[in-house]
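Take a look at the letters that make up each chain.
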Amino acid sequence: MTALASSAPAERRRFAVDLSLPVLLLFATVLCLLIALPLSWLLIYAFSDKNGAITLENFHRLLSDAAYLDPLLVTFALASLSALIACVVAAPMAWLVARTDMPLRRTVRLLVTASFVTPPFLGAIAWELLAAPNSGLLNQLYRELAGLPEDAYLLNIYSFAGLVFVVSCYTFPYVFVLVANALDRTPGDLEDASAILGAKTWHTAWRVTLPLALPAMLAGALVAFLQAMTLFGSPAILAMPAGFHTMTTKIWSLFQFPPRPELAAAASLPLLILTVILLRAENNVLGRRSYAVVGARNSEPRVIRLGVWRWVMLACALAVLTCPVFLPYFALLNASFSRVASHLVWFDNFTLQNIRFVFHELSATQLALRNTFVLGSLAATIGTILALVIAYVTARQAVVGHRLLGFLATAPVAIPGIVLGVGLFFSYARPPFLLYGTLWILLIAFLTLSLPAAYQQLQSAFRAVHPELEDASRILGATRLRTLWKITTPLLRNNVIATWCFIFVAVIRELSAAIMLFTSETKVLSVLIYDLNESGDLAAIAVLGLLMLVITFCIVALANSLRFGGRRLPRAG
Amino acid sequence: MASVELQRLTKRYGGVAVVDNVSLVIEHGHLVCLLGPSGCGKTTTLRLIAGFVEPSEGEIRVGDRLVSSPAQTLPPERRNMSMIFQSYALWPHMTVAENIIYGLKLRKLDRATIGKKLEAILASTRLTSLAERYPGELSGGQQQRVALARALIVEPETLLLDEPLSNLDANLREEMRFEVRRLHDTYRYTTVYVTHDQSEAMTTADLIAVMNAGRIEQVGSPEEIYNHPRSEFVARFIGSSNVIKGIGLDAEHVEFSGVPLRCAGEPIRPGASVPVSIRPHDIAISATEPAVHENVVSAIVMRGAFLGGHRDYMVETKDGTQLRVVTSAAERLAEGSTVWLRLPPQRCRALTG
Chain A
1 MTALASSAPA
11 ERRRFAVDLS
21 LPVLLLFATV
31 LCLLIALPLS
41 WLLIYAFSDK
51 NGAITLENFH
61 RLLSDAAYLD
71 PLLVTFALAS
81 LSALIACVVA
91 APMAWLVART
101 DMPLRRTVRL
111 LVTASFVTPP
121 FLGAIAWELL
131 AAPNSGLLNQ
141 LYRELAGLPE
151 DAYLLNIYSF
161 AGLVFVVSCY
171 TFPYVFVLVA
181 NALDRTPGDL
191 EDASAILGAK
201 TWHTAWRVTL
211 PLALPAMLAG
221 ALVAFLQAMT
231 LFGSPAILAM
241 PAGFHTMTTK
251 IWSLFQFPPR
261 PELAAAASLP
271 LLILTVILLR
281 AENNVLGRRS
291 YAVVGARNSE
301 PRVIRLGVWR
311 WVMLACALAV
321 LTCPVFLPYF
331 ALLNASFSRV
341 ASHLVWFDNF
351 TLQNIRFVFH
361 ELSATQLALR
371 NTFVLGSLAA
381 TIGTILALVI
391 AYVTARQAVV
401 GHRLLGFLAT
411 APVAIPGIVL
421 GVGLFFSYAR
431 PPFLLYGTLW
441 ILLIAFLTLS
451 LPAAYQQLQS
461 AFRAVHPELE
471 DASRILGATR
481 LRTLWKITTP
491 LLRNNVIATW
501 CFIFVAVIRE
511 LSAAIMLFTS
521 ETKVLSVLIY
531 DLNESGDLAA
541 IAVLGLLMLV
551 ITFCIVALAN
561 SLRFGGRRLP
571 RAG
Chain B
1001 MASVELQRLT
1011 KRYGGVAVVD
1021 NVSLVIEHGH
1031 LVCLLGPSGC
1041 GKTTTLRLIA
1051 GFVEPSEGEI
1061 RVGDRLVSSP
1071 AQTLPPERRN
1081 MSMIFQSYAL
1091 WPHMTVAENI
1101 IYGLKLRKLD
1111 RATIGKKLEA
1121 ILASTRLTSL
1131 AERYPGELSG
1141 GQQQRVALAR
1151 ALIVEPETLL
1161 LDEPLSNLDA
1171 NLREEMRFEV
1181 RRLHDTYRYT
1191 TVYVTHDQSE
1201 AMTTADLIAV
1211 MNAGRIEQVG
1221 SPEEIYNHPR
1231 SEFVARFIGS
1241 SNVIKGIGLD
1251 AEHVEFSGVP
1261 LRCAGEPIRP
1271 GASVPVSIRP
1281 HDIAISATEP
1291 AVHENVVSAI
1301 VMRGAFLGGH
1311 RDYMVETKDG
1321 TQLRVVTSAA
1331 ERLAEGSTVW
1341 LRLPPQRCRA
1351 LTG
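Chains as they are written, first to last, in my numbering: chain A, 1 to 573; chain B, 1001 to 1353.
If you're looking for bench data, these hints aren't it; they were derived computationally from the structure. There could be a bad hint or two in this list.
Not the full set, but computed from the structure, chain A residues with beta-carbon under 10 Å of chain B [unchecked claim]:
1) R185
2) D189
3) D348
4) L469
5) L476
6) G477
7) A478
8) R482
9) T483
10) K486
11) L491
For each residue, glycine too, the CB sits at the ideal point set by N, CA and C.
Please build the complete structure, drawing on both the sequences and the hints.
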């Protein structure tokens, strides 16, 4: 027994210090390199002129020239409107699925998830197929029904209204998910308490349920605003043909010929600052919400009976889902199998030619698919390991300074993709790090962008593993490393796989950073789709878009089945 | 031979001493209870002994070797201890048998020996039929026994228990108290047991260390702690004594409510304010004035409750002190009536500690 403890404790202790300090330093350095380097270059460029002298001229241009001021206003209007629409549409829908006896509630939730994982730029392209003034399927139908001439149209998706509509289609799920989750977690007791005091059903819904869900809705609105503000794909596809810009497309155009990188850097800063402010606001709103989840969660909420209205409500919900899911998916399917993308598929023009073309004739497909898979798997693997170690260090407070690591790992959440793209371009298109034109720069971008969410997922997973489970292993004679391997890792296995899937999916659909960093050799699937749109090859896009959706759905389904299929932890604790 | 020895042990978190200058000697094979309210530092003390926490000051010795000091701390895995956690900490991804033999595998025992030991411990903890189950499929009491089996099978030098019964329901808890003591009598490991439940401590411990605000208030056998509390805190915490405020008259007497009161315990300093403890069931109550006047105080009944086996009264003396008195169920007294309390001198303990 004494043999177990014979070696000097002092030696052991020195070893522990030696190990933890380098770990901290290594990870802190990596994270600083990932985040601080591009942001520093962004600042340097924003405050210097073409010759490198310090100046405020860039900001002056930005605020005085209508070419830059207008996009700022358009972006603000776009983000506000789509956040508002998202709330008006999503909050009642969330209430319907969480608290009423509307039929097909699970299906509605699934369909919202589908619109959640649909890349917004793909939605925008699908709506081009549906509502372009001349070739749009809906406009053709309208002309057919009303007997109008060739140049008449009902809808024009290439307009500010069209842009707001399409962006709202893919931001409303943020509000929906947050509100539905909040309602799911609100114990039914709170409503029962109101009912027992004599409140009518609708009074309870108005005075108790709604206020409880309000913070979640506000937070959702802020996230929707943020998404709409930083989106690149949809405005690039819909606004630029209509002749106007948002901030993101403006930043991108400043890199086209003739390049104006200083102005692009200066234009990126407002986006960055606004994002930081909005995220703080969201934190505050959600931070105060904690009272909603306190208390017994086991009481089932009472279902509100809608009577005949439940069918009406279902019809409304499905009508809403027509816009982000049914119609766009139909348009993509139709275009995939039609000889002409803008014609309805029928027996006489059904074809598999488009699929053959994409996989056999279009040389870029193979390359883009390979790049996407390589980048997706690499970013997912490295990102998961990085997030796992940082989450362990912060959740178990294993080394001094763990807070700093946690902060660095969450910081990229405040960097919009296009801003990061600009920053990375500045950092790695010059010595000493010449990475522009390689896959590495894209890997860095994807890693940085997906790290915060991965870290937060794994950190909450670590929190759910009671530290005593690890203590029990150590007191029985296992070292810290052995404990990690034998106890912690098996317990977190499902979370680790889910995180991997999550990063992979995020990488496949990423466009706004990739668009700043790709070259012809490093095209990825999302960039390829965007490029094909520029050249008007809608059929090929439809095929690739469907492929992207299928891959995404498979991985999301895998991750979900793991998350809910895991073994239960013991009740005690 | 002292098996575990804490010397002036202190642990501070951000300047606040959670464990404050604690010294304690635990003899080989004894079961010591750290007893105190939540937040008194008893769990931190236990985690210091286990090596999960490093001391700010002081040291811990096990046998003749130093295991913890501010300069060097032996990690938990090399202390040859076992611990039972409040949450049981059973690994949900392993079966009962896998959980139990985990420590043996780490000790690289051969399969035959592991199998034999497993069988023996499963039998003595009545778990044989549950060996292939997962922890999530067990009741609270069964989980508790698995935790015990897992800790005992490695034959530790020292066994640590952190509120091991607090997650069980009342009946099971009572049963497991005796089980813990029975297992201790069988294996005689040096054991440190943390609890906030005084009857748990009384049933199981050889020695009780009452802790309050990071310090040890008193160490003694259950009888000593109960019969001779040295401080007001211990008197109140163990057996919920009445503590009355007296003024010292001479070495044996204090004045209380205008009456001289003879007390046992430490000598009293005249003129000093002296707290005196007396247990509710040691007070004799009568509706008529007794013939003997020594240590008799008059009081008024404030309220009473019938509790089946006994009655519980709250009375108030002339100086406004409220006392709890427990009487036989036959003693019926009206609220508001005047009564006489006799406080037996040998039961009045002047608290000087």
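Here's how the hints hold up against the structure:
1. R185: 23 Å, violated
2. D189: Hint violated; D189/A Cβ to chain B Cβ min 24 Å, cut 10 Å.
3. D348: 59 Å, violated
4. L469: 5 Å, holds
5. L476: 4 Å, holds
6. G477: 4 Å, holds
7. A478: 6 Å, holds
8. R482: Because about 8 Å separates R482/A from the closest Cβ in chain B, which is inside the 10 Å limit, the hint holds.
9. T483: For T483/A, the interface hint holds, since the closest Cβ of chain B sits about 8 Å away, which is under 10 Å.
10. K486: Status holds, d = 8 Å.
11. L491: 6 Å, holds
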